[in-house]
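Undergrad: Protein chains in written order, with my numbering: chain A, 4 to 194; chain B, 699 to 1447.
Please keep in mind that the hints were generated in silico from the structure rather than gathered at the bench.
Only a predicted model underlies this, so the values are computations on that prediction, with no experimental measurement involved.
Hints are supplied without guarantee of correctness; some may be wrong.
What the hints assert, rightly or not - Only some residues are given here: those of chain A computed to face chain B with a beta carbon under 10 Å:
| id | residue |
| --- | --- |
| 1 | Q7 |
| 2 | H31 |
| 3 | Q35 |
| 4 | V38 |
| 5 | D48 |
| 6 | Y49 |
| 7 | D66 |
| 8 | D73 |
| 9 | R172 |
Every residue gets a Cβ at the ideal spot worked out from N, C-alpha and C, and that includes glycine.
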Amino acid sequence: MTLQHVNVKLVVENPAQVDLGPLIPIFHEWIQGQVFDELLLDVADYRHVTGGPGVILIGHQADYSVDNTDHRLGVRYNRKAAFDGSNFQRLEQAVRAALTACQRLEQEPRMGGKLRFNGQEIELFVNDRLLAPNNDASRAAAGPELQTFAKKLFQGGEYSLDYQQDPRRLFGVLMKCSEKLSTSALLQNLS
Amino acid sequence: MKVSNGQWKEALSGKMTESLARELDIYESEIALRKQGKIDERVFAETRLRRGTYGQRYDNGQRHDGSRVQQMAYPSGDLTKGPMTMWDAPGMQRIKIPGGGLNAQQLETLSQLAEEYSDGIAHVTTRQDFQLHYVHIENTPTIMRRLAAVNITTREACGNSVRNVTACPYAGTCRDEVFDVTPYSRVLSRFLMGHPDCQNFGRKFKPAFSGCAQHACGLTNLHDLGFIAVTREENGLEKRGFAVYVGGGLGAVPYQAKLFDSFVPVEEILPLAQSIARIYAKLGEKKNRNRARIKFLVQDLGIAKFKELVLEERKTLPPDPRWTEFVDDAERFEEQPLKPAGEWPAEISEAFKNWVKTNTRPQKQEGYVVVTVTLPLGDITANQLRSLAGIVRRFTRETVRTTVEQNFVIRWVSLSDLPELYQALEAAELAAPGAGTIVDIVTCPGTDTCKLGISSSRGLAAELRKEMEETGAKFDQAVESLHIKISGCYNSCGQHHVADLGFYGVSRKVGNYAVPHFQVVLGGEWEHNAGSYGLPVAAVPSKNVPKVVARLTERYLAGRASGESFQSFVKRSGKVAMKSMLEDLTKPPAGDRSFFSDWGDPREYTLSDHAVGECAGEVVLPVEFELTAAEREVFEAQIAFENEEVERAGKMAYQAMVHAAKALVKVEMPDVNDDPDQIAIEFRRRYFDTQKFWDPFVGGKFASYFFDAHQNAGKPYTFDATRYLIDEAQLFIDAAHSCNNKLSTPVSV
Chain A
4 MTLQHVNVKL VVENPAQVDL GPLIPIFHEW IQGQVFDELL LDVADYRHVT
54 GGPGVILIGH QADYSVDNTD HRLGVRYNRK AAFDGSNFQR LEQAVRAALT
104 ACQRLEQEPR MGGKLRFNGQ EIELFVNDRL LAPNNDASRA AAGPELQTFA
154 KKLFQGGEYS LDYQQDPRRL FGVLMKCSEK LSTSALLQNL S
Chain B
699 MKVSNGQWKE ALSGKMTESL ARELDIYESE IALRKQGKID ERVFAETRLR
749 RGTYGQRYDN GQRHDGSRVQ QMAYPSGDLT KGPMTMWDAP GMQRIKIPGG
799 GLNAQQLETL SQLAEEYSDG IAHVTTRQDF QLHYVHIENT PTIMRRLAAV
849 NITTREACGN SVRNVTACPY AGTCRDEVFD VTPYSRVLSR FLMGHPDCQN
899 FGRKFKPAFS GCAQHACGLT NLHDLGFIAV TREENGLEKR GFAVYVGGGL
949 GAVPYQAKLF DSFVPVEEIL PLAQSIARIY AKLGEKKNRN RARIKFLVQD
999 LGIAKFKELV LEERKTLPPD PRWTEFVDDA ERFEEQPLKP AGEWPAEISE
1049 AFKNWVKTNT RPQKQEGYVV VTVTLPLGDI TANQLRSLAG IVRRFTRETV
1099 RTTVEQNFVI RWVSLSDLPE LYQALEAAEL AAPGAGTIVD IVTCPGTDTC
1149 KLGISSSRGL AAELRKEMEE TGAKFDQAVE SLHIKISGCY NSCGQHHVAD
1199 LGFYGVSRKV GNYAVPHFQV VLGGEWEHNA GSYGLPVAAV PSKNVPKVVA
1249 RLTERYLAGR ASGESFQSFV KRSGKVAMKS MLEDLTKPPA GDRSFFSDWG
1299 DPREYTLSDH AVGECAGEVV LPVEFELTAA EREVFEAQIA FENEEVERAG
1349 KMAYQAMVHA AKALVKVEMP DVNDDPDQIA IEFRRRYFDT QKFWDPFVGG
1399 KFASYFFDAH QNAGKPYTFD ATRYLIDEAQ LFIDAAHSCN NKLSTPVSV
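Construct the complete structure from the given sequences, taking the supplied hints into account.
TA: Right, dumping it as structure tokens:
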């Protein structure tokens, strides 16, 4: 099973305190500075849609957003272009990108310190239903690699993997660590 | 872009007709050939456009980032998918939904496509289509295959073709309809799609169906070809037919459709449509795209001559069994409910009661209602689409349709199910009340994604909605029922002409800055299938529009006569009063820099991706002055027209154009005199021939308005011609402002 188009969402704490408005000038500035490896193109504002994709920084290879799907506000990375390497490397790349973006936002003064990763919950999903149909076979096929990845990410800490069961939804898993870890610590774990 | 693109063809093998599968294979091959440079970019552009694959803002590879124009370093380099359209630049995929009719499986497929290829949002348009944005060209064949597998096509969703055939979403359930137009709209859609007689149009061609004349739902008056259900008695039997209208259209200058025939029997609608298509293809303008819609042909020929030509053409058509083979089935067509008829629930909460008031409509079938699902700005998430699919399966026989107000309607809901359905919609966050009210704002994509956008229509709509929600405004019934419609430019995709409060994006220069504005258009009529069009009253800065809405609604409430509609109030008050009501809001407050950016976009506003907004040059005061005077003159022409002084109005509108042209000529030729001939010659030489006055997207369209008016000066002004001339004069002056802004703004790359 090939895990391409990996999406990662880092769930934030105290979502009610997070104002998405400042993200718009921040994302425009990220385009100005082309702050990531990916080509950054535009900003899409969906704040008017409750439980929606929030504010999206549209890129060519990937989109970054602060997404409120399922009313779980989080910093999301959506890999659109293919990424060379193994499944493990693709997971690592996507999680690293999400953590890097989240860290930038945690340090962004205009967010007033209110947008912070909750330290425990990371959603991973594969945005391609043909490569990864959401069924038992996919869970069985991808499970070992996801376990291996979680072990590295959480560096031996206790964690759980909770798979998305609705077959209409994308193949996905919620990785939850028993202890709180910072974005810096998680990035360190992946280095 | 998607790794799985190559695998979908096999995965969906056998799930669509062979001919459609072949068509999509060809399209995929054309993409490959274009990548190799073996297909001309213009040919490829038309190919993809006819499949609904559009360009999107910034697709020329440049984007102003707030301080400079960035060149986007796309991986495919200079490869293009059309003239000045970069291969890798995200685009828009339009998806045709005839009559807006969908089933649950189709909703689920749309949800998957929005998630996997777009940004998680599906957007409902003002013509019952869907649009997905930020789509890569190389994903489009897969998108089309997945749609084809559930019986949806994107074919002829764009290009010079027959666009989506729209129809009243209440058809078959409406208490006021003559009969259900659903089967007729579907058969026309199938008949005209890919028809050889529809492949040589100069521009697009939009048909619409309505079951009655009095409501707005079909908007037949603003369509190229409109059908309104009628019956008459023949030999003691009721005979079905349609009143057929032709040559309507919005766009920069809106035209009301003309009555072609008050009764066309149902077995004649296909050959008649075919004949009209043939005449349009034969005689419609091809070279000048700005006059290529059928409305211009009808206007130029006159409806009587046009009809004569069409009926002559009709006689030459070879018979086609499809013309009549649907008739019996259509007569018998009737959707069925899933549940038995019910009764209104006895106890209801306040929230439920509010929702019922605005979002339900009793069907003509007792015990059932049509439920409207309001979508903010026409947007729905992938999760919501899946939820909606589940809801329509649970409560109906999957009878759901999109509307021209960018919402959904769920039909055939048993009254007994209403509380449960409300709860299900609430759980999916689709139970917002306010359908068809002032908060249910219609808007085109505007500067968010459209290449033609001038101002941020979606940003403005979102702000107006937010302000109304934050204040928790409880509107008087008279205000609640008003319609707000917003377009990002003069092209009227947001249908601003038929709103009580319409707005379209324009730009104005204030000091050294370009400032986003909206023209306020008042007095349009939504009912009676878009019965009449409003006229522009004043241009106001974008950031002042919420104040404009507040003021107009307050004054309406305070000043209206008992039971007086907003349209009547505007007419009674007169445009002078309406304009003076807004006078202090037409200029931004001194020193407030927030007016130099648009709603939802903090970048300093610019007119194009090639120019920086911060002007280093001097303000040319004389030209600004002259253009202001020209604006005043066109306004006076509107007043004269309102007072039925048609001849005077026509002369004033023309004079306003001469004035605006002179203003620009004077910049280069300070001693220009007042002779209109000399002004026209100099304007042509200095601004038209040099393309300085050209709009980047419509070329010399606006200048041609002036040249036409000049050529016709001295001839009598008819009612219709004057009405169009006033609109054209306003657009010409708007373009003169843009030209002046462009020429006085330094270009940086």
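Undergrad: Tell me, which hint numbers fail for this structure?
TA: 4
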